[in-house]
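Q: Now for the letters of each chain:
2 protein chains.
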Amino acid sequence: MTRITRNLLLDCKAIVQEYIHRTPVLTSTLLNEHSKVDLYFKCENFQRSGSFKMRGAVHAISTLTDEQKAKGVVTHSSGNFAQALSLAARSIGVKAYIIMPNNAPQVKKNAVRSYGGEVIECEPNLPSREKAAQEIVLKYGATFLHPSNNFNVILGQGTATMELLEDHPDLDYIMTPVGGGGLIAGTALAAHFFGRHCNTIGGEPFNVDDAYQSLKTGKIVRNESTDTIADGLRTELGDINFPIIMDYVEMIIRVEEKEIIEAMHLIWERMKIIIEPSCAVPFAALLREKDFFKGKKVGIILSGGNVDLGKLPF
Amino acid sequence: MTRITRNLLLDCKAIVQEYIHRTPVLTSTLLNEHSKVDLYFKCENFQRSGSFKMRGAVHAISTLTDEQKAKGVVTHSSGNFAQALSLAARSIGVKAYIIMPNNAPQVKKNAVRSYGGEVIECEPNLPSREKAAQEIVLKYGATFLHPSNNFNVILGQGTATMELLEDHPDLDYIMTPVGGGGLIAGTALAAHFFGRHCNTIGGEPFNVDDAYQSLKTGKIVRNESTDTIADGLRTELGDINFPIIMDYVEMIIRVEEKEIIEAMHLIWERMKIIIEPSCAVPFAALLREKDFFKGKKVGIILSGGNVDLGKLPF
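Quick note, the sequences are listed as chains A and B, same order. Mapping to the numbering used here: the first sequence position 106 is 103, numbers consecutive. Mapping to the numbering used here: the second sequence position 32 is 29, numbers consecutive.
Hints in this document: simulated from the structure, not taken from any laboratory. Worth double-checking, as some hints may not be accurate.
It does not matter which identical chain is meant; a pair holds if it fits inside one copy or across any two.
[What the hints assert, rightly or not] In silico SDA-like links for lysine to any residue, alpha-carbon gap of 25 angstroms or less: (1) Lys216 to Asp305; (2) Lys92 to Gln65; (3) Lys10 to Glu256; (4) Lys106 to His143; (5) Lys128 to Arg231; (6) Lys294 to His194.
Keep in mind the model is a prediction, meaning the values are calculated, not measured.
Just chain A, with the same shape it has in the complex:
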């Protein structure tokens, strides 16, 4: 694996920033008073494609060779990475094949298509997804890009934190949700190289606490259930991001489903911004452990805002 350096992250940021929005950092007097914490929300819900995933997708495609680019990229995802890879690929001029389960909501397939991705349907299980992706690789020579367990994706996700630390260099903590592990791994690297004394903490639902269990046991643990409203966090860590998480993440705080919904409602109502359930998890974790964070400066990566407005939990 490439040695991880400060310059590697700076090179990544230089590439990524051409294709993304520099998202605003919002603050809220009310939420600061409510939590007794000095909060800085990095609004990746306003990012192109509606989530931070655009960053990693752009970086992973950009670092391919011209020959690879000419043959396109493929991933399997029914979530934010599907949309992000489609839009990133179109922005760079590369073809994107997106494997989606045939029971994925029509609205998600349409979103991918609207960003220029070609949807390929498969049976809704992991072997079918992997087989379909493999077929595209063999047929077109396309490069498979994993949504979270890919080193260049991980670096790309870290650029949100690099921007946040440019705006607010003296954060004590940066918090992210933990799903597949790409965001928290990239965040932890960025906090390590660019923070002054900044530690990375993850938020994870109790119901899908694979990352918490993996950190505790030192080996990748699988989820026993996928029963959480935070649908972006049902995925599991991988062999590329797990070692980074082991080395650079301070801890993972688990939260109840009810706490996720409350935190989401609080951000909608008080900050007037739309975040998806997964995105509310780190703020829920902070509220659960208020005393720990009291008086600190905490950055929270608001990971995404792709939510079905017709199906809200409140």
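Guided by the hints, dock chain B onto chain A, whose structure is given.
A: Coordinates of chain B only, in the frame set by chain A:
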């Protein structure tokens, strides 16, 4: 009436900016493509108290004499001005009495109280509201501040546009909703004095088109119905703001209820921000008259984000 000058507006801004957020101006590639217009959204939904009304409230209180301040302020409102006046008064150290109809939702009364205002209930009709306000004036010597038909309130509301034009000096149009007329009057003055070639256009629901009818006939016309989802726009113009609107507003575009809901949904879904129905009206008006605005640079004042998340129209 005080002569309206550029310096009067600058003095107002200097006072107001101490107590408010300088709200961000957001853009959206997707909505620009959708509308074929270059759009700049001034996010007063992120303003303290959740709407632009904070600006006028701060200015109206600040310009009182010390003696007046010591005796407090009173208004009748069940909407955003009630919350704004409460918070503005508390910020300046002045007592606020808020007359609210006894059938106003508990959540609105609680919001006013949470901002420090004293709620005084009355029967839900205009004579009762005015009588209750008059009683407070007589009993405590408090100064009555009208939510929209007050010159200092009008000037305060214009500061959102002054900020917007500092950020984007070459706007062709600025659009606002039209309810009581305070926002559009202040906006039109600011656009006149600080825009390069910037005209002000209002959006108004067909169902409560008093401002459209008033501009057409040259005299203040009353609404025949209050049946609109844009609950902030059910009020009518007054004798102080109407002459300003007559002189400085280019036109008012009326929209259907369905168009308001669609515009609101589009902003929620694409921009990931929460706006209230009234706030969606100028964007709905722009979409209705797309051809007129094609290729122009248009600022839209997103007036507020105080919406009951449990009662969405979609």
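Q: Output the indices of the hints that this structure fails to meet, ascending.
A: 1, 3
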